[in-house]
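Okay, here's what each chain looks like letter by letter:
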Amino acid sequence: MLNHAQTPTPLDGHSAALAFDMDRVIDHISHWLPTQGPIKDFIHHNTLHAVQHLPFHEGVALAGKMFGARSYLPMENYQRMYRQGRITDHAVDWALNRTELPVQQQAQIRQTMLEPDHSSHYPPVSLANHGIRNVWLNRIELELNALVHPILFRLLGNFLDQGISRWTLPKEGECFWDCVMRLAQNSLLPLYPLQEPIVRELLTKNKEDVILICLEKIVGDPCLYEQYLLEMILAHPGWAGMVRIVEENPRSLLDPRNISLKELIAVELVCELAFLIKQKGAAFVNVNNTPLPKDTTLLKEGLPKPVIPLSLKVWHEAMEWSLHSELLAALKPKQKSPAKGPTKPYVQAFFCIDDRECSLRRYLEELDPGIETFGAAGFFGIDFLYQGLDDAYPVAQCPVIIKPKHLIRESGSQANPDGDAKADSITHLHFQSHSVLRGWLYTQTLGIGYAARMAWDVFRPGSKIPKLKMLSEVDSHTHLHLLRENDTPTEDGYLLGFSFSEMADRVGGLLTNIGLTKHFAPLVVIVAHGSSSVNNPHFAAYDCGACSGKPGAPNARAFAWMANHDEVRRILYDRGIEIPVETRFIAAMHNTSRDEINYFDNHLLDQHPAKGLSTFQKIMSKALQFNARERCRWFELGPKSSLVDLAHDHVTTRASSIFEPRPELNHSNNLYCIIARRKLTRDLFMDRRAFLHSYDPDKDPSGNIMVRILSAVIPVCGGINLEYLFSRIDNSVYGAGTKLPHNVIGLLGVANGVEGDLRTGLPSQMIEVHEPARLLIVAEQSCAILDKALANIGDLKEWLDNDWVRLVSCHPASGEQFLYTADGWQAVELPASFNTPTASQSEDIILGQTETIPVHQLIRSTS
Amino acid sequence: MNGLLLASLLIPLLGFVLVFVAPNNEKKIATISFWCSHALGAAIVALISLWAINGFPSQEFEWFTLYATDDYLFPILLYFDRISAVYLGCVWAIFSIIVKYCRIYLHREAGYKRFFLTIFSFVFGLNIVILSGSIDILFAGWEIVGMSSFLLIAFYRHRPQPIRNALRAYCIYRFCDIGLLLGSWMSHLLFHESQHFSQLANLFDHNSFPPAGYGSLLLLSSLIIIGASGKSAQFPFCFWLPRAMEGPTPSSAIFYGALSVHLGVFLLLRTDPIWSYHYLTRFIVFMIGFLTVVIASLSEKTQSSIKGQIAYASITQVGFMFIELSFGLETLVLIHFLGNAFLRCYQLLVSPSIVAHLLRVEGSADTDFYINSSDNKFSFLPASIRNTVPEVLQNTLYVFSLQEGNLEILVRTLIWEPLKRTGFVINKTGLWIKALYTLIVILLILVAIQGIGTDMSYFAIPISIGMVFASLSAFGQINKPISVWNAITLSSFLAGMAVLFINPQAKPDVALFLSGITPAWLIGIAVLFKLLKHQDSSESLFAYHAMAETRPKLSLLLFLSFLCLVGFPISPAFLGEDLLLSHASSHDPWFALPITIAFIINGVAGARVFQRLCMGRPTELCNEEDAIITNEIKPSFNNASKKVIEETS
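Chains as they are written, first to last, in my numbering: chain A, 1 to 863; chain B, 1 to 649.
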């Protein structure tokens, strides 16, 4: 997590002039860089972590001034929502009230809020786009970025490349600077532009000296060094951020590289100097001698003072509060419908906390009241590195905050079934290297065959060419090596497998977290989730966020195996969790894009039959069809009829079409996170907007369980929420822009075109229908116990104190609600006129709807 | 069959017009493009089958004569034979796949309409090229393809990099158009009325009587080869192709993977009789192909981006096609073209899959997974010498590959930089000095005419020099759009004047030419004045101004007047350009060179003005009119928000 002490603060002029502390400056400026790792593991995080120590609105405004990004949606979007009734007058009052301005000024704002506005959707004048460096470059009329970036990005791309280019650039353990120097000094061809005589001389020095000399020539005034460097790297935040991440965590790459931000800066400055001398002569005008427009921000005088556009801020808060209060109103205690009589469930199903599972759970329960569902973070408490049969390397299967110590390998329980499929030449994409002549031959012969393949893929996307195995289709005929056989760690320092007590720790931990320690049903299904998509470099962002962007299947399988094991159950029994002998745990994986489910380890069923599994499977496949139809309402080109088969066919085709940039809409519109008993939310229609974590308030008097849950929920769900929010608000700065021109660079990330900067954040196809509102966490626990818990969540408290996520306590007994603020709990008062709309089944709510739907109360007719 | 030919030619145009008039509604545009692609498919399939039934004849069709004077004919000629059939079939297959693909791929994209417009104009241009019956018609299609290429590369106009790369590709196209423009003029000169493709082969039938001297044939062949290698990204122009991959992936697939990149091959196939007549030109084609294969296959080794890699793989294959062409293996070239077009198109379409593919599928299946395979850099060398390559050679090879054979640097220093520098010098020279020089030259010539009795046509020499200077001056500056515009116009007027001096009978042609230029100039100036009225004078015009977004209508007008000004085939200036060339230079062949150079440079300079002004991402700065509104509101807000900041911080 972000360290408070290191947050960026400007140097004051004096000390800068005396000593330009390079390492400290590089450290400072690096905080403004995005922290998105290589694309193979997509970990959602707060895009604006750099300003997380500030209150939300100030942080956003400051970031806008730094990066040149918008801070809110365009005014007309809010006004439209207001006209549609999605923003209520109550919420506007509430938001105005929170500005704490005099009443008369509030009235003035309220008036301007409804006036048409044409300019707020343009990004502000910013450091990144209008700083001293850009003023200077425009003055000397040199497109330095256009000259330097292609060269720098090529060097970086080839240095960090993980397998696209045929020749590897770095030698074993070589650092970036040495590598560039090797090419520049020990090659018969000059490395352009480092062949300039003055620059060649420079190259004999070490990189620190080079940076200083270049800065002196280019900038001139030491007070401006930091700002110049910051503006320089903000011109390519993607690569600079990637370099910083690799520097701090070389293991984030499969093939580790030795690189640092300092080396990047040194190489970039040298290239800049070379071009400046070449184009403008040795006596070019430096930054210090360039007259600056009077409103230019100077970092030495402090960070830019952003102006928070009040009407937009009020609109935004009002929108959020409108949406939040829809849930809060629905959670208010109601007149109990005639006692339902707790039917004893015959199946219990564990789902990931993920918002995409919210509707599936609702349908399951709607279809069969004998099914009880639970939500937990999708790694199901089992943290390990996993190396599947098909994986070239092990990957972490747990939230990014946990560093796993155990390695689990998968092995085939039968002969590799797909050996021959891979020999089939047409299934290959022919990306792999071959000699020039073979390439010529292949193109001549195979080329025309691709016409058929292409036509097939485009015109018949749903149907697969036989034998072609799609990604994420996990074979279920394998075996996980879970039990540790000896305690010697592997060469990388991991333990192979778990001991029984470690297993019991994990299984018991999860069961306690979700409050299921007795009343086990005869069948417990652990449903992990993953997503299959084709032609999608961001595939990792579609999988389970709690598994660091992997499908959660291995965790579910591990959990089921452990919980089924007699030895583990014996230890759990000693700890007060009694799992009946007849209870069986079954692992399954929900494919969220195709809405299909895969059950694992079926071969064990002969030995240990699971009661009720076939009934459950039937209900499940029905629920999946309903779920597919509910998702289809968002797809403009999807079927609009109420036929579930059509919808299901549509989502399946969608997930396997190479031309479909939206296999699914992922976490779009995520908004709520509810940590409570299912009882509280069971009858609510929440439009797939809620992360649901099961929690039993009665079993947590000390708040310790709440600490565990919050420390996973805040970074994971909060990270997802804020990444979607910022990617939506300014997709070209915080997001990755549209997917269509993306080009995969070195298996590290995507860029626009061949020589573009790496794009971080989410592509527009993932976020375009998202309503960018902050996450509301509702915890079913009293304020007192929550206070105890909050005292123990450490740095994460910053998220709450600065309003990056909202927290509401919902009292388990009385149902009273309190909103967390940095100054204490505020009672939530909603007008009595707030009525949650009702419906008898989900179908009635969703049909014909193409926008987000308020929370509905489901009144079940029977049961 | 002629009807079908016309249908194949015109359906894309019809599609373009329909999309253009259609409202910006995705569904309607999709329906139009669906039907048009199917109608085009039907026409092409019918055409090819009819052609097959008739026993594969080569057919020429003269639609009508666009322009005729006593010594000049501009007929609209179409020609269909085996080569056209293969290319047309490929266009149909790929175009219909791409249209289907983009229907969903571009769903909800802001430029949906713009994209389909450009794709249709591209296919229209392509079909003109493929079905053209003479170099003149081919050149018209060539220009349309080039312009739609420019627009598609710059599809994402918010970011400077696509804009720059679009301009780069456009410059290369434009430069290589010198080849084609001069080539078309020379073919007029050499073959007179018989420059029809259909008659080319016959011309060369009698081995003993070449239709023209070796020297001029060699020149003509070289010009055509320049044109072909620019379009097909062959040596020395390989570098633009990977950088052109800026538009949506399917547009890169259809342009740079499949169709556009093979147009050079098409041109060579078409003009095969001309250049294959001589061994030297065959050898040139072979060498271009060979050098391209060497450089591109080496460059491919260090491409760390997937599209760059595919681009170089494609260039390598086109290089092979050039080699095959030089050996006269026409059928093999056609098969190779089909294979390469489909393969690269498919690879580009599925290029986003590479991450998953390498990490999950190939990594596990192939034993030679190359992550962590430490030193396979020289695996292509025989094992015995692999470890004996000295490090300095390894580094050299790597740098060579990394810099893609230094071709960009080469082209930049040889062509771009000198032009730019000359432009700078001209612009720095004071107005008075320029006037003085002009006066001296005029006086000298007057004296010469009076004294020695030289021909008036010698006036054309200083005028054409002045024309090139005016073009260069336009090229040399970026931040004064209006003077660039004037310089371009001046250069065009001087061209007209020079032609008049050379050939006083050409008055109607010059008038035709200027009738295209003058309105374009006037409209352009008016638009520029309007656009720049609010501009802060202290702010440099060097930055991108994003006016296509803030002032869309004026920008469109500017774009149209730019097209007319540079003689795009929508304005009479295109025909005029051709006429001036053929008229003037049939008397004085030297004149062809300066006038072509001036036209080409004018095109680039005009494109740069449009690029700087209209593209880019808008910020608060750019929006002058709205700024007034915000200023009115701001005071009341500033106080309030300041208070908030103070309170909170």
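Hints were generated in silico from the structure; no laboratory data involved. It is possible that some hints are incorrect.
Restricting the straight-line Cα-Cα distance to at most 25 Å, the calculated cross-link-like pairs of lysine-lysine (PhoX-like) are [as the list claims (entries may be wrong)]:
hint : chain 1 : residue 1 : chain 2 : residue 2
1    : A       : Lys640    : B       : Lys100
2    : A       : Lys334    : A       : Lys699
3    : A       : Lys294    : B       : Lys113
4    : B       : Lys480    : A       : Lys280
5    : A       : Lys699    : A       : Lys788
6    : B       : Lys553    : B       : Lys113
7    : B       : Lys28     : A       : Lys640
8    : B       : Lys27     : A       : Lys640
9    : A       : Lys334    : A       : Lys679
10   : A       : Lys699    : A       : Lys679
11   : B       : Lys28     : B       : Lys100
12   : A       : Lys622    : A       : Lys611
13   : A       : Lys278    : B       : Lys428
14   : B       : Lys420    : A       : Lys280
15   : A       : Lys217    : A       : Lys278
16   : B       : Lys28     : B       : Lys530
17   : B       : Lys301    : A       : Lys171
18   : A       : Lys622    : A       : Lys518
19   : B       : Lys420    : B       : Lys434
20   : A       : Lys278    : B       : Lys420
21   : B       : Lys507    : B       : Lys428
22   : B       : Lys480    : B       : Lys27
23   : A       : Lys618    : A       : Lys344
24   : B       : Lys428    : A       : Lys280
25   : A       : Lys300    : A       : Lys278
26   : A       : Lys305    : A       : Lys294
27   : A       : Lys262    : A       : Lys171
28   : B       : Lys530    : B       : Lys480
29   : A       : Lys699    : A       : Lys344
30   : B       : Lys480    : B       : Lys428
Hint check results:
{"no.": "1", "hint": "A:Lys640 with B:Lys100", "result": "holds (21 Å)"}
{"no.": "2", "hint": "A:Lys334 with A:Lys699", "result": "holds (24 Å)"}
{"no.": "3", "hint": "A:Lys294 with B:Lys113", "result": "violated (42 Å)"}
{"no.": "4", "hint": "B:Lys480 with A:Lys280", "result": "holds (20 Å)"}
{"no.": "5", "hint": "A:Lys699 with A:Lys788", "result": "holds (15 Å)"}
{"no.": "6", "hint": "B:Lys553 with B:Lys113", "result": "holds (16 Å)"}
{"no.": "7", "hint": "B:Lys28 with A:Lys640", "result": "holds (19 Å)"}
{"no.": "8", "hint": "B:Lys27 with A:Lys640", "result": "holds (15 Å)"}
{"no.": "9", "hint": "A:Lys334 with A:Lys679", "result": "holds (13 Å)"}
{"no.": "10", "hint": "A:Lys699 with A:Lys679", "result": "holds (15 Å)"}
{"no.": "11", "hint": "B:Lys28 with B:Lys100", "result": "holds (14 Å)"}
{"no.": "12", "hint": "A:Lys622 with A:Lys611", "result": "holds (19 Å)"}
{"no.": "13", "hint": "A:Lys278 with B:Lys428", "result": "holds (20 Å)"}
{"no.": "14", "hint": "B:Lys420 with A:Lys280", "result": "holds (14 Å)"}
{"no.": "15", "hint": "A:Lys217 with A:Lys278", "result": "holds (14 Å)"}
{"no.": "16", "hint": "B:Lys28 with B:Lys530", "result": "violated (34 Å)"}
{"no.": "17", "hint": "B:Lys301 with A:Lys171", "result": "holds (16 Å)"}
{"no.": "18", "hint": "A:Lys622 with A:Lys518", "result": "violated (29 Å)"}
{"no.": "19", "hint": "B:Lys420 with B:Lys434", "result": "holds (18 Å)"}
{"no.": "20", "hint": "A:Lys278 with B:Lys420", "result": "holds (15 Å)"}
{"no.": "21", "hint": "B:Lys507 with B:Lys428", "result": "violated (35 Å)"}
{"no.": "22", "hint": "B:Lys480 with B:Lys27", "result": "violated (42 Å)"}
{"no.": "23", "hint": "A:Lys618 with A:Lys344", "result": "holds (19 Å)"}
{"no.": "24", "hint": "B:Lys428 with A:Lys280", "result": "holds (16 Å)"}
{"no.": "25", "hint": "A:Lys300 with A:Lys278", "result": "violated (30 Å)"}
{"no.": "26", "hint": "A:Lys305 with A:Lys294", "result": "holds (15 Å)"}
{"no.": "27", "hint": "A:Lys262 with A:Lys171", "result": "holds (20 Å)"}
{"no.": "28", "hint": "B:Lys530 with B:Lys480", "result": "holds (14 Å)"}
{"no.": "29", "hint": "A:Lys699 with A:Lys344", "result": "holds (20 Å)"}
{"no.": "30", "hint": "B:Lys480 with B:Lys428", "result": "holds (13 Å)"}
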